[in-house]
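> Listed below are the residues making up each chain.
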Amino acid sequence: MGGEELRFTGNWFIDAGILGFVNLMEEVYGWDLDELQRRIKEEPKKVYYGYFPLAYLFYHSVYHQYIKDVQTLTPKISETKKKLREVETSLRLLEKELSKSPGKEERKLKKKIEKVEKKAETLRAEIEELSKKIEERKRSLEEEKKKLRDSSNVLVERIIKNAGDNFVSVKKDLVEVIGDYKLQIPKDHRNFFLYNPKKEPVFAFQYLYWLLKMDYRRLMEIKSGKPPTYELIPDSTINPFLYSPVEFPNVSYTKPLTTSQISEMLPAGMPAYVIFLSFFNAFQWISDSYIMVYTPELNGCYAINKRLKIHIQSSKSNERLFKLTWSAIIDEIVETKARFSLENLYIVEFENIENQKLKGVEYIGIPKLHASIILDDKIRDALNTSLPTGNSNIWLLGEFIKQKPLYPLISKHIWNAVRKNSSPKWRTSLYALAVDAKLRSEGNSGLFGRAFLDRPERAAVEVKDFHRNMNGVAMTIKELSPEIGGKNLIHPLFSALRRHNRNAFVNTLLKALLQSKSKDKVAIINSYLFRRVLNNDSSWEDFALALVIGLVGGGGDASSGQDIVED
Amino acid sequence: MQVQDRTLWKIKSLSREVLGGAGSENYRQKLVFDLLNAVKANDQNRFLWVLLRAINAHSKDNPKARELSSALMEVFPSSESDFEKVAYSVILGIMAGGES
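Chain order of the listed sequences is A and B. Residue numbering for the first sequence follows this note's numbering, starting at 1 and increasing by one per position. Residue numbering for the second sequence follows this note's numbering, starting at 1001 and increasing by one per position.
I should point out that these hints are in silico values taken from the structure, not numbers from a laboratory. A hint or two may mislead.
Derived list of chain A stretches under chain B, where covered just means 3 residues or more per stretch with a C-beta under 8 Å from a C-beta of chain B [what the hints assert, rightly or not]:
id : stretch
1  : 493-505
2  : 519-531
The calculated DMTMM-like cross-link candidates involving lysine to aspartate or glutamate, where the alpha carbons are at most 20 Å apart (straight line), are [claimed, not checked]:
id : chain 1 : residue 1 : chain 2 : residue 2
3  : A       : K309      : A       : E142
4  : A       : K306      : A       : E26
5  : A       : K521      : B       : E1025
6  : A       : K357      : A       : D235
7  : A       : K81       : A       : E42
8  : A       : K45       : A       : E157
9  : A       : K182      : A       : D69
10 : B       : K1010     : A       : D537
11 : A       : K519      : B       : E1025
12 : B       : K1030     : A       : E483
13 : A       : K133      : A       : D69
14 : A       : K82       : A       : E117
15 : B       : K1030     : B       : D1043
16 : A       : K519      : B       : D1043
17 : A       : K511      : B       : E1084
18 : B       : K1040     : A       : D537
19 : A       : K213      : A       : E264
20 : A       : K45       : A       : E35
21 : A       : K511      : B       : D1043
22 : A       : K110      : A       : E135
23 : A       : K112      : A       : D69
24 : A       : K517      : A       : E483
25 : A       : K161      : A       : E42
26 : A       : K404      : A       : E442
27 : A       : K517      : B       : E1025
28 : A       : K511      : B       : E1025
29 : A       : K45       : A       : D32
30 : A       : K46       : A       : D165
31 : A       : K145      : A       : E135
32 : A       : K46       : A       : E4
33 : A       : K511      : B       : D1034
34 : A       : K172      : A       : E144
35 : A       : K46       : A       : E135
We put the beta carbon where it would ideally sit given N, CA and C, even for glycine.
Here chain A stands alone, though its shape is the one from the complex (with noise of 0.2 Å):
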């Protein structure tokens, strides 16, 4: 009979587990999702009781092996560069110095060259070395992948058929495939039979059969007559998000759901064990934490987590957490302009887990009308950018995507400009500025107001136009600064802004523009003014910076491309 091919529930916890099947198939047996519905849908059997416990030990001895000791090797690696680099730096030095010292001091110089180069040269040999390592380990673990791929097929016709009898005729074909494999305890979980003690691999793949075919029976018989308890009820002990019994003795009277209930919400055939065991698939290890990428929809979330491996093992590592994961998120929603799974991303994130408790976790979401901006190029292009504040750099569609307000981030950036008598970068502010006015002239309308309801269909069009009147003014007031004396005007202006002052702001202002002969000019700001500043309560100050940048200059940088006035 057919399976039912993968679809996520709704439910994200329960999707992360079919996500992390679902990586961990591929990893293992190098199926794509394309492949691996496909095989479900032939043979869902072997697929969920063959292939998958095959698998899960696999990871859990031979690959978690060898990231283990890639893990002891790299840091290795990076040290002895390091101080091959301060060799090099000292040899260079030496060689600098004999060039120029005279005859008597040469022969001193070039035994000490000698000296260094030969400990460059070792250090050398202990890079190549290392390197070989990992290279050596990587191509066992391809060896034994590929070893498990070629018997597999064989191995999971011959479980299925022989599974009644406890695996007695097939033991021997087991421990020929898995019978080296030393099993390592994964974070996730805590006593767990198969950890507790670590059992034998071919004993281990029974436990897991019978624990995916939820026959109690057969697993009472393998735990020696203890009743099952986790494999009937999930906790803790098989997933840290999941409640401990130990920790909420209430919990009979809160009635968890059982293995066979959450059965019932999967796809047919799928065994709930499935989602436990390779829940923890579904995360990755980006700088300092384990995180997911959930939409709730199965082949975007795919998509998107992909790439984002494929981001993480291309990046040299130190690049910023939240950057690498938004920029392969958005390029994957931009590329197949997914709207709908923008608008329902989360990202699940957690520190580390330690004694079985999860550490820094966190849910971030992103609200409608944050992707419906997200979502169009222009303003896309210009948040995109990396922006120097003083101290620091921010990376601005970061903060806009954390929800944090622009224009404070804008503020500082223009007053960074101002007292390194720099240019700030012109289209990048005026774009933020915009947004900025424009999610605040939404303000804050309840949980089920009309911005959650609505889609903001014109929040992209009105932020240009926002920014087409800012640019405008911005770039009418650059024309009069010398005119009115701008650069003696940055100062109050931006001295009323800090204090939230409409009237000292709009005063120093019109001041300055009574002394200015060019009657249109004043006229093209005084009618902003009007409009932007004066009857508009909730974001004249992003108005009013705009004509700040103005007078600070600047409207032609790097990250502007041409177009200063556009749209």
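Fit chain B to the given chain A structure using the hints.
Just chain B now, kept in the frame of chain A:
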């Protein structure tokens, strides 16, 4: 009660018609300067005194002047933030006078 955008538009447009062309360029500049000082000090009395004196001197017979006066009567006295809005609408109206 907050003064409405529509009222501000009306005050601005009437100020332009009544005082936008009053006197010389220098006179208007001086007038605006005086008005700006009054708003800065948040002095409603002074603002109205300067403004009404100007209307009286230049546009007594203009029917729009009466209209402006009655519009102002509706909004004065007002809260500090409303005063700012009304006052700057008047000032921007006067400054827009020379444009047309």
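> Taking the hints in turn, state whether each one holds.
Structure-based check of all given hints:
1. 493-505: holds (count 3)
2. 519-531: n = 8 at 8 Å, threshold three: holds.
3. A/K309 - A/E142: holds, 19 Å
4. A/K306 - A/E26: holds, 10 Å
5. A/K521 - B/E1025: holds, 17 Å
6. A/K357 - A/D235: This hinted pair holds, its Cα atoms lying about 13 Å apart.
7. A/K81 - A/E42: violated, 51 Å
8. A/K45 - A/E157: Satisfied, since the Cα-Cα distance of roughly 10 Å is no more than 20 Å.
9. A/K182 - A/D69: holds, 14 Å
10. B/K1010 - A/D537: holds, 19 Å
11. A/K519 - B/E1025: Holds - the C-alpha atoms of B/E1025 and A/K519 are around 12 Å apart, at most 20 Å.
12. B/K1030 - A/E483: Holds, at about 19 Å.
13. A/K133 - A/D69: This hinted pair holds, its Cα atoms lying about 9 Å apart.
14. A/K82 - A/E117: Holds - the C-alpha atoms of A/E117 and A/K82 are around 16 Å apart, at most 20 Å.
15. B/K1030 - B/D1043: Holds, because 17 Å separates the two Cα atoms, which is no more than 20 Å.
16. A/K519 - B/D1043: violated, 28 Å
17. A/K511 - B/E1084: holds, 15 Å
18. B/K1040 - A/D537: Since the Cα atoms of B/K1040 and A/D537 sit roughly 18 Å apart, the hinted pair holds (cutoff 20 Å).
19. A/K213 - A/E264: It holds: about 14 Å lies between the C-alpha atoms, which stays within 20 Å.
20. A/K45 - A/E35: Holds, at about 15 Å.
21. A/K511 - B/D1043: OK: A/K511 and B/D1043 at ~17 Å, within 20 Å.
22. A/K110 - A/E135: The hint is violated at about 37 Å.
23. A/K112 - A/D69: Violated: A/K112 and A/D69 sit about 37 Å apart, past 20 Å.
24. A/K517 - A/E483: It holds: about 8 Å lies between the C-alpha atoms, which stays within 20 Å.
25. A/K161 - A/E42: Distance of about 17 Å is within 20 Å: holds.
26. A/K404 - A/E442: Distance of about 15 Å is within 20 Å: holds.
27. A/K517 - B/E1025: holds, 11 Å
28. A/K511 - B/E1025: holds, 15 Å
29. A/K45 - A/D32: Given pair A/K45, A/D32 holds - Cα atoms ~18 Å apart, limit 20 Å.
30. A/K46 - A/D165: The given pair, whose Cα atoms are some 17 Å apart, holds under the 20 Å limit.
31. A/K145 - A/E135: With Cα atoms ~15 Å apart, A/K145 and A/E135 stay inside 20 Å; holds.
32. A/K46 - A/E4: holds, 14 Å
33. A/K511 - B/D1034: Holds. A/K511 to B/D1034 sits at ~10 Å (cutoff 20 Å).
34. A/K172 - A/E144: Holds, at about 18 Å.
35. A/K46 - A/E135: violated, 33 Å
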